[in-house]
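**Q** Sequence:
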Amino acid sequence: MTTEHVLEVVGMTCGGCSARLQRVFMEKSGIVSAEVDHEHGRAIIHADDSVTARDIMEIVQSTGFDVK
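Positions 28 to 95 (the working numbering) are the ones given, in order, by the sequence shown.
No lab work stands behind these hints, which were simulated from the structure alone.
The C-beta atom is built at its ideal place from N, Cα and C for all residues, glycine as well.
Treat the hints loosely; a few may be bogus.
The following label-pair restraints were derived from C-beta to C-beta distances [to be verified]:
1. Gly91 / Met28: 28 to 34 Å
2. Cys41 / Thr79: 25 to 31 Å
3. Gly43 / Ser77: 27 to 33 Å
4. Asp76 / Thr40: 16 to 22 Å
Taking the hints into account, I'd like the entire structure generated from these sequences.
**A** Right, dumping it as structure tokens:
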């Protein structure tokens with residue numbers, strides 16, 4: 028079963044930012060899909076139950092962004 032996580036991401040300023048964050052998400056085992064939009068400051072993540080909301084927030088923070 029997958030869960031949808033919708034996050035407001037702070038600090039993305041360009042397409043490169045969103046592409047980098049999306050790439051890092053997809054490297055994480057258990058994440059099925061990641062859609063990151065820098066223009067709206069949003070990330071929509073579909074992940075299986077092994078990935079927690081905390082895991083996703085840590086991924087965002089590890090790339091230099093923050094979750095609002």
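**Q** Each hint needs a verdict: does it hold in this structure or not?
**A** Hint-by-hint comparison with the structure:
1. For the pair Gly91 and Met28, the supplied restraint of 28 to 34 Å holds, since their beta-carbon distance comes to about 31 Å.
2. Between Cys41 and Thr79 the Cβ separation comes to about 29 Å, which falls inside the hinted range of 25 to 31 Å.
3. Between Gly43 and Ser77 the beta carbon distance is about 29 Å. The supplied range of 27 to 33 Å therefore holds.
4. Taking 16 to 22 Å as the suggested C-beta distance range, the pair Asp76 and Thr40 does not conform, at roughly 33 Å.
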